[in-house]
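Number of protein chains: 2
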Amino acid sequence: MQTFHALITITLRKGILDVQGKTVEQSLHSIGFDTIADVHIGKHVELNVRAESESEAYALVQDACAKLIANPIMEDFHVALQPVASETEAV
Amino acid sequence: MQTFHALITITLRKGILDVQGKTVEQSLHSIGFDTIADVHIGKHVELNVRAESESEAYALVQDACAKLIANPIMEDFHVALQPVASETEAV
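For the protein sequence lines, the chains are A and B, in the order given.
So in the numbering used here, spot 52 of the first sequence is number 52, and the numbers just go up one at a time.
So in the numbering used here, spot 31 of the second sequence is number 122, and the numbers just go up one at a time.
The following label-pair restraints were derived from C-beta to C-beta distances:
{"hint": "1", "chain 1": "B", "residue 1": "E166", "chain 2": "A", "residue 2": "A85", "range": "26 to 36 Å"}
{"hint": "2", "chain 1": "B", "residue 1": "D154", "chain 2": "A", "residue 2": "A59", "range": "33 to 43 Å"}
{"hint": "3", "chain 1": "A", "residue 1": "S27", "chain 2": "B", "residue 2": "H169", "range": "15 to 25 Å"}
{"hint": "4", "chain 1": "A", "residue 1": "M1", "chain 2": "B", "residue 2": "H169", "range": "25 to 35 Å"}
{"hint": "5", "chain 1": "A", "residue 1": "P72", "chain 2": "B", "residue 2": "H120", "range": "13 to 23 Å"}
{"hint": "6", "chain 1": "A", "residue 1": "I31", "chain 2": "B", "residue 2": "E166", "range": "11 to 21 Å"}
{"hint": "7", "chain 1": "B", "residue 1": "H120", "chain 2": "A", "residue 2": "S30", "range": "42 to 52 Å"}
{"hint": "8", "chain 1": "A", "residue 1": "S55", "chain 2": "B", "residue 2": "S144", "range": "41 to 51 Å"}
These are calculated hints, taken from the structure and not from any lab test.
As the structure is a prediction and not an experimental result, all values here were calculated from the model.
No residue lacks a Cβ here, since even glycine has one placed at the ideal position from N, Cα and C.
Take the sequences, apply the hints, and build the full model.
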């Protein structure tokens, strides 16, 4: 078993109104940041997953995103994995 | 003026209890994802910023994060910039 560190970026799908982003953008303009535009707010999730291989880890995280972490009806998600140097590899 | 696309990752500072992450982790375990651990949930913000140079754009986004986008008492933020091929460059 190897441990992988997953970085997951969750963003609203195209066409879904980003109310939070619009609000932050208006607030930024009101305090003088008028060169900032197109603000979009999503989620950033980090987790560790143990699996036999990177492809198994990737499939597990994709499945977890589709079932619980993200809302696939409204959100897109992108998963990036990096191996973690772990003590389990040496056993 | 050039346009830059900023990717901002906001995470809870070390020592701040990640209640949302713990809840998601427990829920994942309850539906069978028991090889997933150390779930941390943060924010992912994307925006466009117009500035004379990349360093000016970076300073603007850092300032916007410290003042409004993030909460520097509880959160760390990381800014990555990429230039956007824009029509303003050709003017």
